[in-house]
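A.B. asks: Same order as they appear, the protein sequences are chains A and B.
Okay, so the first sequence: first residue is 1 according to this note's numbering, each after it adds one.
Okay, so the second sequence: first residue is 1001 according to this note's numbering, each after it adds one.
If you are wondering where the hints come from, they were derived from the structure by calculation, not from laboratory data.
Owing to the predicted nature of the structure, the values given are computational and were not obtained by experimental measurement.
Each residue gets a CB set at the ideal place from its N, CA and C atoms; glycine is no exception.
Incorrect hints may appear among the rest.
[Unchecked claim] Facing chain B, according to a computed beta carbon distance under 7 Å, are these residues of chain A, among others:
| no. | residue |
| --- | --- |
| 1 | 27 |
| 2 | 30 |
| 3 | 33 |
| 4 | 309 |
[As the list claims (entries may be wrong)] With a straight-line Cα cutoff of 25 Å, these simulated SDA-like cross-link-like pairs (lysine to any residue) come out:
| no. | chain 1 | residue 1 | chain 2 | residue 2 |
| --- | --- | --- | --- | --- |
| 5 | B | 1020 | A | 38 |
| 6 | B | 1020 | A | 67 |
| 7 | B | 1020 | B | 1102 |
| 8 | B | 1020 | A | 188 |
| 9 | A | 53 | A | 233 |
| 10 | B | 1020 | A | 42 |
| 11 | B | 1020 | A | 311 |
| 12 | B | 1020 | A | 273 |
| 13 | B | 1020 | A | 53 |
| 14 | B | 1033 | A | 53 |
| 15 | B | 1020 | A | 70 |
| 16 | B | 1020 | A | 313 |
| 17 | A | 53 | A | 67 |
| 18 | A | 57 | A | 29 |
| 19 | B | 1020 | A | 23 |
| 20 | B | 1033 | A | 42 |
| 21 | B | 1033 | A | 29 |
| 22 | B | 1116 | B | 1132 |
| 23 | B | 1020 | A | 209 |
| 24 | B | 1033 | A | 318 |
| 25 | A | 324 | A | 53 |
| 26 | A | 324 | B | 1116 |
| 27 | A | 324 | B | 1093 |
| 28 | B | 1020 | A | 233 |
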Amino acid sequence: MFLKIGIVLVGLLSVTPIMLFVERRGSALLQNRLGPNRFGPQGLLQSVLDVLKFIFKEDRAPGHVNKFYFSLAPLVVVVPALMTFAVIPFAGNDFIIANLDVGILYCFSIASLGVYGIIMAGWASNNKYSLLGSLRSSAQMISYELTLGLSIVGLIMIFQSVKLGDMVSAQGETLFSIGGIDVPKWGIFLQPVGFILFLVSSFAETNRLPFDLPEGEAELIAGYHLEYGSMRFALFMLAEFVSMTVASALLSTLFFGGWQYLPGFSWIAHLFSDGNIAVTYLVSTLLHGISFVIKIASFMWFFVWVRWTLPRFRFDQLMNFGWKVLLPLALLNVFVTGLLIYLGVL
Amino acid sequence: MLAQRKTGFFNKFYLVEIIKGLMITMRNMLFAKRATIQFPEERRDYSEKFRGQHYIKSVNGVENCTACMLCPTVCPAECIHIVAGEREDKEKYPIKFEIDSLRCCFCGMCEEACPKDAIKLSNIYEMSQQNRTVYEKEFLLEQRGNK
Ligand code: SF4
Ligand code: SF4
Chain A
1 MFLKIGIVLV
11 GLLSVTPIML
21 FVERRGSALL
31 QNRLGPNRFG
41 PQGLLQSVLD
51 VLKFIFKEDR
61 APGHVNKFYF
71 SLAPLVVVVP
81 ALMTFAVIPF
91 AGNDFIIANL
101 DVGILYCFSI
111 ASLGVYGIIM
121 AGWASNNKYS
131 LLGSLRSSAQ
141 MISYELTLGL
151 SIVGLIMIFQ
161 SVKLGDMVSA
171 QGETLFSIGG
181 IDVPKWGIFL
191 QPVGFILFLV
201 SSFAETNRLP
211 FDLPEGEAEL
221 IAGYHLEYGS
231 MRFALFMLAE
241 FVSMTVASAL
251 LSTLFFGGWQ
261 YLPGFSWIAH
271 LFSDGNIAVT
281 YLVSTLLHGI
291 SFVIKIASFM
301 WFFVWVRWTL
311 PRFRFDQLMN
321 FGWKVLLPLA
331 LLNVFVTGLL
341 IYLGVL
Chain B
1001 MLAQRKTGFF
1011 NKFYLVEIIK
1021 GLMITMRNML
1031 FAKRATIQFP
1041 EERRDYSEKF
1051 RGQHYIKSVN
1061 GVENCTACML
1071 CPTVCPAECI
1081 HIVAGEREDK
1091 EKYPIKFEID
1101 SLRCCFCGMC
1111 EEACPKDAIK
1121 LSNIYEMSQQ
1131 NRTVYEKEFL
1141 LEQRGNK
């Protein structure tokens, strides 16, 4: 239990410096620049300097803020972001912190707690830009949470379970095979529309571009974390990257088979299965973990890639898109899936 | 008022357009030439006409300047200070010639006004200093260009 918590916590916390590096260099490369490449090989240690800077900076609260909520807000943002990972199996179904029966529902309910932190931060900062940012974020989160929830109803109907472990096991089966190549029963093949809806709304849930209106620096300076500095600001950043990781983990768990082997990995696992049960178990667990990490990493890269490609939505466009396009589509998706299940196709 | 833009029917499903956009950024990342100049190792080549740090041209170790006061008059930033004096051969020359580098806007008017081809702006653009710097006459007499 504690071992698993340790693995997950260390993994999630070390995501932030890695992502800082990836985002900096990635953005630079996507924009035909080079990015910071001086400190460490390829600038790899630049994020270490960042962390050091955050630690040694003066932790200052402006005079006009509500001190209690001001210091509470970063924690309220970070803790739910870290807690969400508890129900996601990360290397085989034994490696899950809490195998709750409510599974994915727990994820959604905890993830939506994060918005309280943002509202607190905006309100306690006593600054109109912060308040506007947090207002926007609450409106955005509520609108897109609907789509987020509805987009996986189809999957739940197909897999007949809300436990993520069950879902991943079910995705290990073969959907159909063409010429010796088995196409696994991954969620994306069963629910392509659901996947796109989930992807779009998870962008909105994690406040990433093109949905980063709560912190839109062009109009709101920095939005809800405008008055924050040093480690408190770092916590907001941590929360953003962690919720990005959780979103990627959910995307890969629900739609890309979670810890199921990537194509080719079962062959490597076969090489090591020489009868010794312990070795076989160890190798397969390791390979499952690696598959999962690779899937998460590709989604993280996708987040960065999209961020540096698309411009930001206008607020009315955001609302229109959420309520008039995504929500009807999600409902339609649920209906069609139900129909297909009733007809016995899925 | 919002101008209603005409969009094709298929463009309204942003998805295709977004994928196209993603492909463009990826292509840039993989194949495009980097615009970055890595400063201390690489330097930007400026044109010969670039207006940088000043110097006063000298011939055989004697400055061309005759302290005619045309450059302090024309200087829009009023950053040239000259104290004139007389040499043994009755020729006028600057005892003091100072340029306040922080006030100077590198317009090059002094260079244009000078009748004696004395004050020049060189190609040097790395002029960062830790304190307010006034270029003295000795400093200005270093020949750091060939204009
Ligand atoms: S370059 Fe322009 S501002 Fe600078 S000293 Fe010459 S005339 Fe004055
Ligand atoms: S204009 Fe030329 S000659 Fe006259 S004072 Fe200036 S530098 Fe000397």
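A.B. asks: Of the numbered hints stated earlier in the document, which are not met by this structure?
C.D. replies: Of the numbered hints given earlier, those the structure breaks are 1, 5, 6, 7, 10, 12, 13, 14, 15, 18, 22, 24, 25, 26, 27, 28, listed in rising order.
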